[in-house]
Structure formats: structure tokens, C-alpha cells
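Q: Given next are the chains, with one letter for each unit.
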Amino acid sequence: MNYEPVIGLEVHVQLKTKTKVFCACPTEFGKEPNSQVCPVCLGFPGSLPVLNKTALEYAAKAGLALNCTVQKYTKFDRKHYYYPDLPKNIQISQYDLPISKDGYLDIEIGGRTKRIRIKRAHLEEDAGKLVHHENASLVDYNRTGQPLLEIVSEPDINSPEEAYEYLTSLKSIIQYTGVSDCDMEKGTLRCDANISLRPAGTKGLGVKSELKNLNSFKAVREALTYEIERHEQVITGGEQVVQETRLWDEKTGRTISMRTKEEAKDYRYFPEPDLPPFEWTEELIETIRKTIPELPKARAMRFMKEYGLQEADAKQLTCSMQAADLAEKTMRAYPGANKKTVVNWLIGPLASEANARSLQWHELGIKPEDLVELIGYVDSRQISNLAAKAVLTEMIDTRRTAGLIIKDKNLAQISDESSIEKDVAAVIAENPKVVEDFKSGKSNALMFLVGQVMKKTKGKANPQVVGDILKRRLQNA
Amino acid sequence: MSLSKETVEYVANLSRIELAKEELEKISKQLESIIGFIDALRSADVTDVEPTDHIVPVNNRLRSDEPRGSLPIEKTLANAPHKDGRFFVVPKVIE
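Chains Y and L are the protein sequences, given in the same order.
Residue numbers for the first sequence follow my numbering, beginning at 1 and rising by one.
Residue numbers for the second sequence follow my numbering, beginning at 1 and rising by one.
A portion of the hints provided could be inaccurate.
[Stated by the list, open to error] Covered, in the sense of this in silico footprint (three residues per stretch, anywhere, with C-beta under 8 Å from a C-beta of chain L), are these stretches of chain Y: (1) 17 to 24; (2) 28 to 41; (3) 46 to 57; (4) 78 to 92; (5) 135 to 141; (6) 276 to 286; (7) 368 to 377.
[Unchecked claim] Listed next, the stretches of chain L that the computed footprint assigns to chain Y, with coverage defined by at least 3 CB atoms under 8 Å from CB atoms of chain Y: (8) 33 to 46; (9) 56 to 63; (10) 70 to 76.
[Stated by the list, open to error] Pairs of lysine to aspartate or glutamate residues, derived as DMTMM-like cross-links and limited to a Cα-Cα distance of at most 20 Å, are as follows: (11) Y:72 <-> L:50; (12) L:92 <-> Y:183; (13) Y:53 <-> L:50; (14) Y:16 <-> L:66; (15) Y:265 <-> L:66; (16) Y:53 <-> L:65; (17) Y:31 <-> L:50; (18) L:92 <-> Y:370; (19) Y:79 <-> L:53; (20) Y:72 <-> L:53; (21) L:83 <-> Y:32; (22) L:75 <-> Y:32.
Hints in this document: simulated from the structure, not taken from any laboratory.
In this text the structure is predicted, and so the values were computed from the model without any measurement.
Where is the CB? At the ideal position from N, CA and C, for every residue including glycine.
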């Protein structure tokens, strides 16, 4: 029998506010343990939470960008569980009236568009961090109380690839809104996955497992692939899948049962008495909606229309807003009609320079006009493509302009025929056998001779001009 | 209303407390009387009453996103039964 995987994702993104969600402690990353805590986030008796306006607005903004409806009336609830990373023994979260719900996200998969519905996006507080030692655990509460937006998808995802695409688009959209960095390495984006199998074509849901410890989008894809196979083996072996939480082990490429006593979770939610509810006005929601910039998909479509780009290029240029901004400014500043020239520079040499430095291209310190200047030297054949790549490296390292570097390093290409003629004559004289080969029809011989001339000019001759002179001389000889 | 022993033990477990046999009996009686009070509330007719999310008629209390000082570490850890440097120390727990 064929089985169809049914996957739902729970994504937590940390909102980029200056202070925590219910107190005025700063949220800076990597500070000394327990240096950003106060009576509220430590849960000291008598302290009272007050909601951060920016956190609320960011949560609504992200929800709107994901096509959710912001609920007119929202409230907070207490979720009860005991764990040392949670000093109050309750987490302030949202139960039945989340900030926003009923959204969707369209992903591109196998050349078609698929809509993944988003069930809800709610605001809650983050927990602290535990460091486990041999006999004890150390607790750092700096992260406790940082604002998290939990985005829950409907189980509309049917393959690990779809999950990967969903996460990539989600991250891109949230980054565009500017409410979170969505950096998995820093933990500002975290993902848990629920997966079950059902006979293909049926509607019910099988027994699910919940996957944790997914530290990258790649890990999500691999863990789901592994889990689909595991479920299939259990089912075809005539056994039942056990509902449980499993940890992804990156090293072995397997999921491991957490082997905890599986009892139904009983969070005993009830309305948070310390926080009054919030009522939105239509005006406020519209004010926030207006702060949402043009989102990646719309921007890619516009790039295709406005600058005549291919879909793949447009998609690559728009995956982050800053990168897209640089690309657009460069395309606008470039006087040539064929913007593909600029695109090739961005997704070629500039992207490799960025990769080599583990940065994004907008972080290289290259301004649009600097790049346009460099491309101009290539277009007018004043420098070779190869030399231009070296100039780009130098531009990034020294923050100097292309013009200065070319002059300093004497990189300008020799296109002046009279100064190349001498070297061409010498090469012909030095390689009589190769010249014969060319005359007898071996076209490879010409490439060899061009190479020899390039060597003599230390790579500065315009290879096309060299080829032209060689051909003319040899054919007339 | 009477409470089963299992229910009381379940609630104790959720609260992470261990009850001795005599405590279990004592607590069970106390809980029963509390639940009895809830039963009295249940008898009230609330057909036309909207559920209350919050008892004070105040909405939309917000704070601007401006950092203020945090506690000095001595104060943070002042009441911690166990500490190590800048950390709280708890029995080892790995879920």
C-alpha cells in the first residue's frame, strides 16, 4: 500500500524587540548569565507583567504578512507546567484567542503553487536556558520572557521538500517584515514537526510522532525523511506507531525516542489574571498593515516584469530584503538595457565573495554605484572579466573604488592593436609548428597562440583583439 | 462531591508534591470542600452571562519598548537555595 505523509510544523520566532514581552529587561544576545533579569521575569511574588507594545504590534504584523486575520479581541492565558527553565511554573501564552489566525502561505513545489494554511500565530514568553552538568543543571534566565511568536501550520504539508519550502518562505517573509532575524543558529527561529502517515488518498490522520532538536532546515528535511521511512516500516510490519516525542540526532542521522513516561499533557490553561485583554481597532490594524513592505514573492514578480529577469534569478535576488534592495539599486544605476549583466555579477562573483566570507552580499560594503562602475570597465573592455573579479575582491578588502584599483595595479586591458602586434609577431616566430597546425585546420592551435600572447602581456591584452590579430596575420601569411 | 484517591494523586503529581498517606486523606477532604463550593457556583443560572476573561474592566494596558535596568546579580540570586557563580543550580533535569 502507498502511504502519504501528513506534516504540520510549529515554528517559534523570537521577536526583535529591545525589551522582554512583559518586563523592561533588555533582550541582547550573549550577555553574562542572569544579567538581564528582574522580579517580573524571575517570577518573584507580587511582581506584575505589563505587555510590550512593540511585541504586540510585531506579532500582528507577522500575522498579517502571513495572510492571517488579526482578532479584534485578544487575551493571554496561563499554561501550567513545571520545568526549571520556567521560573513562574507557568508560561504566559495564548489559548483560545490568539492574536491572529486563519492565514496561509503559498509555496512553489515541483513547478506548481501549493497553499499551506496557517492555523494560528500567537504571542508567548520564551523560557530560560539550562546547562547540564554531571550532577546538576545550571539555569540562565536571560532568555526568559523574551517575546516569541508561535506559528502553527495546518497539517497540509505532504513531503519533507514541502516542509523545507514552507520554512524557507516563512523565514523570508518574516525577515522582510523586520520583526525577527529568524536565525536558527542564534535560536531566533526554532521548529518542531508533527508527522503521521495515512494510506494515500484517504482523509483520516494516523498516529503522529513529534520531532524535536531540529537545528536547521536541512535537519527538518532529513529528520522527516527518516521518520517517514520508520513509520512505513512499523506499519507494513503490522505494528502500531506509538505516539511520542522523538529527538533528531544529527550525527547518526536518526530519530531517537525520548522514552519519557508518555502521559497526556495537562496544561490547565486559564485566563491570565495579571494581564488585561487587548481590543484592536480597525484603524490600528490598518496602520500596522501599511508598515508591511513588498513581500518576496511580489517583489520577484515585479523584478521579472520590470527588469526582464528569469524566474530563478528573480527568486534568488529577493530571498532577503537587504539583498533585494542592493540588487534593485544596482539594476537601476546600471545604464545598460540588459539587466542580466548586473544579475550575473550579483549571483556570480559577488555571491561567491559573500559565501567565502560567510556573509550576505549586502554586508560586503559594496555600494550599487561601485559595482556599476566596475561592470562599466568590463563592458567597455577596459579590463578583462578575470581581472574584474580580482578588482572586486580588492574593492571589498580595501573599500576603494574600481577605478583607483585598476590604475594602481596597472590592470587596464590593452586593446590598442599596435602595442599587441609586436607580441603577436614574436609568438608566431617562436611557434612555427603550432602555426603549421593552425594552417592545416586545427582550430585548437589558435587558442594556444592566444594563450602565449596573453602570457607575454601578463594577461592584460584583450584576448578577443589578440585572436583577431592572430587570425588576420596567419591567414594572410 | 467526593474525589477519588487517583484524582487527588494526579493533582499532587501535577503540582510536583508528594503526599504521605495521612496527608492524602486530609488534603482529599479539603479539596472536596473546595470542589463543593464550585458546585454551588455551578447551580447559578448563567445562560445570558458572557464568560469573563478578566475581572477588572480595563483593557489595552501597554508599555513602550524601552529597556530599564535589570537586577544586580546579588539580588537575583539572594534567595536561591543553590547557586554557582552567576547561575541558579537545580537538580539535574533532562526531559
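Q: All the hints need checking, so say for each whether the structure fits it.
A: Quick rundown of the hints versus the structure:
1. 17 to 24: This one holds; 4 residues, not fewer than the three required, reach chain L with a Cβ under 8 Å.
2. 28 to 41: holds (count 8)
3. 46 to 57: holds (count 7)
4. 78 to 92: Satisfied; 4 residues make the cut.
5. 135 to 141: Coverage by chain L holds here, the residue count being 7 at a Cβ distance below 8 Å.
6. 276 to 286: holds (count 4)
7. 368 to 377: Since 0 is below three, the answer is violated.
8. 33 to 46: Coverage by chain Y is violated for the segment 33 to 46 of chain L (0 residues, Cβ < 8 Å).
9. 56 to 63: holds (count 7)
10. 70 to 76: holds (count 4)
11. Y:72 <-> L:50: holds, 17 Å
12. L:92 <-> Y:183: Status violated; Cα separation ~29 Å.
13. Y:53 <-> L:50: violated, 27 Å
14. Y:16 <-> L:66: This hinted pair holds, its Cα atoms lying about 13 Å apart.
15. Y:265 <-> L:66: It is violated: about 36 Å lies between the C-alpha atoms, which goes past 20 Å.
16. Y:53 <-> L:65: Roughly 7 Å separates the two Cα atoms, so the pair holds.
17. Y:31 <-> L:50: violated, 46 Å
18. L:92 <-> Y:370: violated, 56 Å
19. Y:79 <-> L:53: Holds. Residue 79 of chain Y to residue 53 of chain L sits at ~15 Å (cutoff 20 Å).
20. Y:72 <-> L:53: holds, 14 Å
21. L:83 <-> Y:32: Roughly 15 Å separates the two Cα atoms, so the pair holds.
22. L:75 <-> Y:32: The given pair, whose Cα atoms are some 15 Å apart, holds under the 20 Å limit.
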